[in-house]
Amino acid sequence: MEKLVSARELKKLFGKVEAVKAVSFHVYKNEIYGFLGPNGAGKTTTLRMLTGVLKPTSGDTEICGMDVLQRPIDVKFVTGVVPDEPNMYENLTGQEFLEFIGSVFSMKKEKLNQRVEELSDAFDVNFLGKFIGDYSHGMKQKLMLISVLMRKPRVLFLDEPTVGLDAKSAKILKMLLRKYANEGSAIFMTTHVLEIAEKMCDRIGIINKGELIAEGTLSELRSRSGKESLEDIFLNLTGEDEIKEIVDNL
Amino acid sequence: MPIWLYVFLLALVVASFGIPGYFLMRGAFVKYSQFFIGTSTLADLFLEISLLGILALILMIDTPAVILNVFMSNDVGYLLTLPISRSAIFYSKVIETLIEGAFPALFFIPLFLAYANVARMPWYSILFSFIMYVFYVLFSAGVAGFLSMIFSKFASKSGMRKFMFFSSMATLTLAYLMMNITTMPNFEPQNMQDALSAYVSKVNFSLWPSTWFLRSIKGSPIFTLILVGASLTVFALSYLLSTRSLLSGFSNVKSSSKSIKVKKYHSHGAFEALLSKEFRMFRREPSILFMILYPAIFPLFIILSNSSHTQNVIMGELTSVFMASMYVSLSIASLTSIDAKSRWILETLPLKTVTPLWAKVVVVSGAYTSVMLLTFSILSIFFGGLGFALFMIGLSLPIFVIASFFGVYAVTKWPNPSGGTRKPLNITGSLISMLIGFVGAICVGAPTLYLFGNGMIWMFSGLTSFLLFLIVPFTIEIIFALFLRKKIVNLNWGDPFENENAH
Numbered sequence: 174m175e176k177l178v179s180a181r182e183l184k185k186l187f188g189k190v191e192a193v194k195a196v197s198f199h200v201y202k203n204e205i206y207g208f209l210g211p212n213g214a215g216k217t218t219t220l221r222m223l224t225g226v227l228k229p230t231s232g233d234t235e236i237c238g239m240d241v242l243q244r245p246i247d248v249k250f251v252t253g254v255v256p257d258e259p260n261m262y263e264n265l266t267g268q269e270f271l272e273f274i275g276s277v278f279s280m281k282k283e284k285l286n287q288r289v290e291e292l293s294d295a296f297d298v299n300f301l302g303k304f305i306g307d308y309s310h311g312m313k314q315k316l317m318l319i320s321v322l323m324r325k326p327r328v329l330f331l332d333e334p335t336v337g338l339d340a341k342s343a344k345i346l347k348m349l350l351r352k353y354a355n356e357g358s359a360i361f362m363t364t365h366v367l368e369i370a371e372k373m374c375d376r377i378g379i380i381n382k383g384e385l386i387a388e389g390t391l392s393e394l395r396s397r398s399g400k401e402s403l404e405d406i407f408l409n410l411t412g413e414d415e416i417k418e419i420v421d422n423l
Numbered sequence: 008m009p010i011w012l013y014v015f016l017l018a019l020v021v022a023s024f025g026i027p028g029y030f031l032m033r034g035a036f037v038k039y040s041q042f043f044i045g046t047s048t049l050a051d052l053f054l055e056i057s058l059l060g061i062l063a064l065i066l067m068i069d070t071p072a073v074i075l076n077v078f079m080s081n082d083v084g085y086l087l088t089l090p091i092s093r094s095a096i097f098y099s100k101v102i103e104t105l106i107e108g109a110f111p112a113l114f115f116i117p118l119f120l121a122y123a124n125v126a127r128m129p130w131y132s133i134l135f136s137f138i139m140y141v142f143y144v145l146f147s148a149g150v151a152g153f154l155s156m157i158f159s160k161f162a163s164k165s166g167m168r169k170f171m172f173f174s175s176m177a178t179l180t181l182a183y184l185m186m187n188i189t190t191m192p193n194f195e196p197q198n199m200q201d202a203l204s205a206y207v208s209k210v211n212f213s214l215w216p217s218t219w220f221l222r223s224i225k226g227s228p229i230f231t232l233i234l235v236g237a238s239l240t241v242f243a244l245s246y247l248l249s250t251r252s253l254l255s256g257f258s259n260v261k262s263s264s265k266s267i268k269v270k271k272y273h274s275h276g277a278f279e280a281l282l283s284k285e286f287r288m289f290r291r292e293p294s295i296l297f298m299i300l301y302p303a304i305f306p307l308f309i310i311l312s313n314s315s316h317t318q319n320v321i322m323g324e325l326t327s328v329f330m331a332s333m334y335v336s337l338s339i340a341s342l343t344s345i346d347a348k349s350r351w352i353l354e355t356l357p358l359k360t361v362t363p364l365w366a367k368v369v370v371v372s373g374a375y376t377s378v379m380l381l382t383f384s385i386l387s388i389f390f391g392g393l394g395f396a397l398f399m400i401g402l403s404l405p406i407f408v409i410a411s412f413f414g415v416y417a418v419t420k421w422p423n424p425s426g427g428t429r430k431p432l433n434i435t436g437s438l439i440s441m442l443i444g445f446v447g448a449i450c451v452g453a454p455t456l457y458l459f460g461n462g463m464i465w466m467f468s469g470l471t472s473f474l475l476f477l478i479v480p481f482t483i484e485i486i487f488a489l490f491l492r493k494k495i496v497n498l499n500w501g502d503p504f505e506n507e508n509a510h
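So the protein lines, in turn, are chains X and U.
Under this note's numbering, think of the first position of the first sequence as 174, with each following residue one higher.
Under this note's numbering, think of the first position of the second sequence as 8, with each following residue one higher.
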């Protein structure tokens, strides 16, 4: 299988704090990889290193066979990133923002029009003429998704992509990601919603305190932990299975 | 920076305006108080106009500011969920905004002290006048708060920003009109008499709060009661209304917005797309757009105060260069702070780090150069000196480019995390930007004076003036450009706050 994302011994220090501790994994073509972990476990830091936004203290990353630090521009041409916070230029309209992104990625005019129209219809987006500053969180999230999905990048990085989306849009996004993966993309996704990870992801990596503590398909994780649901596996691995006791003591 | 240094700097700024302001106005009031128009003196009239100016400033600048900071601020939604009364939330936000917004009201103090000194007012009258002035500012602030509640019913966030820009422009125009009256003593007495008669009928009007103030400090108990009563009534009314309007205004403000018709999408080259984006940002962010007006308007004040002197025209144009090189840095710092807020966008685009930066520099330097070109061309129609002006603009362009890059460096070195686009730099950064503006103006002004000064630098010998006015400025320019190049290459300018933490 073709490796589209490779992380080798990826490590990040913030001062003396070791946010990510020598993490290694691969994401293959046609695969959706779920990256789970408690708050502050190092998910977003790992994602930022994978996308070339943050320089790792040590280790290296390859996207589609290209070193992220050596060939950043080529890497960015084939990747799409949906961050957790939909901060965009408030003084641009949705259309102007999409035009800006489309132009920087050298999209053809016809393709741009066709893709925006298709995705706007899918996500019920009819507010592209308004200024982004007047959008709600969900509207911004939809715009951000369109700006990435319209390019159909080979590798997609999504940080909590369903937060702020209505049920219909969330469902469409999940189906669309599956479709893109089937068509040859690799998708790396962080999420707190274990149900999404359980239903969508082909393989799951669990990170805790900067360490990748488990990795595999859902059935592999089940057989290793002896637990049935992903929630139980996750809580068991991240040391949070004493929840009942905590709640009782409250 | 230690707190005492901030206090010292603030005192320095206030004193640098207040002390010369006092002596300047005292000299003017001595003359103005001898000039009677009916029962009032020209000094009374000037005081009333200044008071009206302060009322206008508070209304036009604070009303939209209150709406943005109260009804549109991100934390109000959260504060409303806490067990705090809505009036308390409303007034804490209003007071926070007004303290900042009512800062111009402080400039009335040296003006009033000069008036009181000339009028030989006893100390208790001065004290009473200050108490009345507090009521006057309260009245203005109360009206601003009241208006903000009305506007918040139909204003959108983007619409309010535009309103803020236009109200600021109107304030500047008003300031210009006010300043025009100070030039009147240069006119013929008869013309002045006619002009003042027209002013008196408009300014000395019983319904203006400035008239209440002036008559109150002149001993009228009725007008004292009117001023105090009106202030308390306006404040009480807005306090009562705030309980309901905070909820409804908050939601209304978020929902309504003008929509631009969606057309066919176009694709451009990457740099062209960046230029287009920066131009839109520049054009649509009132706080940035407002800065560009200073180099266009302030030289007019200097030149029109006494246009008969050629030196005034030169000084006016040099002021314009100073304003421009200072505001170029601040404008680019504002634009960079927008990108810093949405930094994931630029960080994930297939562009070299400096490419978006050059787009900003081209747009900002181009905009300031165009404005100066237009202003100087208009001035040259009336006062001549087009060659001089064009030469100065030619010299300004590299300064603008350098100042632009300095703006990027400044926002990474001295960011103001809570200042947003309006105040991207902390106090240190703002003061250093002013200094760079000053140095920039010297680097442009010195060679211009050397070549076109017509004897204005007569006190220096040939070689000294050649070195001081030609070689030194260019050397400073080159050294500063090289220094910035070195700094910029190593900066993560897309994430100033990360840089700040790293230092």
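Warning: the hint list may mix true and false statements.
To be verified - Short derived list, chain X residues pointing at chain U, Cβ under 8 Å: (1) M239; (2) L242; (3) Q243; (4) I246; (5) F250; (6) L271; (7) F278; (8) G337; (9) H365; (10) L367; (11) I369; (12) E371.
Since the hints were made in silico from the structure, they are not lab data.
We put the beta carbon where it would ideally sit given N, CA and C, even for glycine.
Out of the numbered hints, which ones does the structure contradict? 1, 2, 3, 8, 9, 10, 11, 12
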